[in-house]
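K.L.:
In case you want the letters, here they are:
There are 2 protein chains.
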Amino acid sequence: MKTTRRLLLAAALALATLTAASVPSAVHAQVVDPLPSWNDGATKQAIRDFVQATTDRQSPDFVPPGQRIATFDQDGTLWVEQPMYSQVIYCLDRVPDLVKEKPELKDVEPFKTVLSGDKQAIAKLPWKELEKILIATLSGMSVDEFQDQVKQWLAKARDPRWKRPYTELIYQPMLEVMRFLRDKDYKTYIVTGGGQDFVRVYADRVYGVPTEQVVGTMGGTKFGYDQNGKPFLTKEPTLLLNDDKAGKPEGIHLMIGMQPYAAFGNSTGDQQMLEYTKSGDGKRLSMLVMHDDAAREYAYGPATGLPETKVGTFTQALFDEAKKDDWIVISMKKDWKRIFAFEE
Amino acid sequence: MKTTRRLLLAAALALATLTAASVPSAVHAQVVDPLPSWNDGATKQAIRDFVQATTDRQSPDFVPPGQRIATFDQDGTLWVEQPMYSQVIYCLDRVPDLVKEKPELKDVEPFKTVLSGDKQAIAKLPWKELEKILIATLSGMSVDEFQDQVKQWLAKARDPRWKRPYTELIYQPMLEVMRFLRDKDYKTYIVTGGGQDFVRVYADRVYGVPTEQVVGTMGGTKFGYDQNGKPFLTKEPTLLLNDDKAGKPEGIHLMIGMQPYAAFGNSTGDQQMLEYTKSGDGKRLSMLVMHDDAAREYAYGPATGLPETKVGTFTQALFDEAKKDDWIVISMKKDWKRIFAFEE
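Protein chains in written order, with the working numbering: chain A, 1 to 344; chain B, 1 to 344.
No lab work stands behind these hints, which were simulated from the structure alone. Where hints are given, some of them may not hold.
Straight-line Cα separation of at most 27 Å, DSSO-like style, residue types lysine-lysine; simulated pairs [to be verified]:
1. A:Lys124 / A:Lys112
2. B:Lys310 / B:Lys334
3. A:Lys235 / B:Lys222
4. A:Lys222 / B:Lys334
Here the structure is a predicted model, which is why all the values come from computation and not from measurement.
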């Protein structure tokens, strides 16, 4: 089945390439569905309409290629964020190696609790304590060392539910949106509250997003020389920009310098980015992924009737703003034919 | 003469396009000189050799397109920096309008001195005082207002020597290097001590460098809403990164996340960027523009025998490091056939 589909796709693509020059684009577009993991309906159509309106030269909403910017939150928008952000798990997992390097931390909180392996106690650590772990595991090493540490973790870590590498817990429908936009000369950026250097390690391989298009929470680095006089950068414990909430449009300005035409998020952390995007002239697209599929992924947020979560907070107020300001809420349950590439 | 040259160039380009698929690239390269404003010689050849070595699939130093990063300092490397950085002139020129908006500054130093028009007194202002003018004219307004202010200034301001817009004082040979690299799938970045938002206003039009490829000194912005609830960003007086000296590799890591393969500078402010570039594996290119042509532009720096300047400091130590570490020093006098596009 998989092979058949691939062959059909290849044939369709070849046909599309051969005929693209001679047939109208509407006919061409019907040949290959750019969003095969999306159920037909208003949500999928809204994405296609937006792309059509902003990339067709005849459209009043045509956007020149250099201005075609689309921004994607990561946690809960591109990959699974429950029960805890993957980067926080990374930081907790790093603690034993950290204590090997710095044995004096063994009896110091919060490192002591993390080393104990007591999951309930770890889950109860207040944010202030967790922050100490983040700083200790995300700074103090060279940029190259950090990249190696993250790569090693990604290769061996498995999530608790699907027992798969975290980088396989990517939403296939969102990958299709990214590819569809890139095929239409959009530049796709990740704009995440996660660490910029962390996400850069796998963004190209996993999302097709090169390092210079990853906008995240930014820490400072310090230029220096090793004992052979060779320059290198050390990750510092200084925060340049917290790329969350109001920090997202601020980070977009800093890194891109242009307002996006399309933005995708899933929580109150994305609110300002979606407002900023939607407030621009012409046709803009602001979308929110709603986690309402406990069977295939997780259910949380206002539409589920379940209590709000601290991870990926989606309040009723955000839901109301989305309805009022013509943002589109994506129902994972109704709009997505499949969620992960590994599903059959 | 100009028309003839353009026709010849067009014919050569057409020929190159027609035959590119069927002739070896060495022959193709001879058809059109990508660096017509450079005199033949070792410097020009070094640039061509670098491009050949890093973009030819058969070369041991081949670099995949996604990693082809080239960074260019601006002041003194891409455009004239004497007698004073253009952005500082912008800030001084803004003072009268600023005082109109804030009359209380009229009798306050250093604004009072700037308003006096006394050029000698203005030139004597210490850096601490100048900084107050920079902060007052580069922050406090919305990002859109700032862009409008810079655009208006660029349209009317003229430099004191050539009586031309500052954006015409661009070194034609360097524009050719940028285009040559881009034609070979290099991404060209500006990495400047100047303000990131300032340079972005004209970088695309003047250098063909889009806003997201301008790395400069970065100030913070603050997200907020106007009286109609529309989001906008205000330029804040906070410094996120001083993109000079060690700040250049730090800014490159922040904005690009990869080490450049080629870097171009002209002063001690570029030293760390050139070191960082040259220290990477494989073939790398670090170049320094030396201002040794008082007749056609300016002469300053160690090779001229003139005293060092505060603007664009090129010390003997930097010159020695260049020689030792195999950086290439560009002599404007010997290597450049013409300096500006407006020359006949």
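K.L.:
Compare the structure with each hint and give your call.
P.N.:
Now for the hints, and whether the structure bears them out:
no. : hint                : in the structure
1   : A:Lys124 / A:Lys112 : 14 Å, holds
2   : B:Lys310 / B:Lys334 : 24 Å, holds
3   : A:Lys235 / B:Lys222 : 25 Å, holds
4   : A:Lys222 / B:Lys334 : 37 Å, violated
In summary, the one numbered hint that this structure violates is 4.
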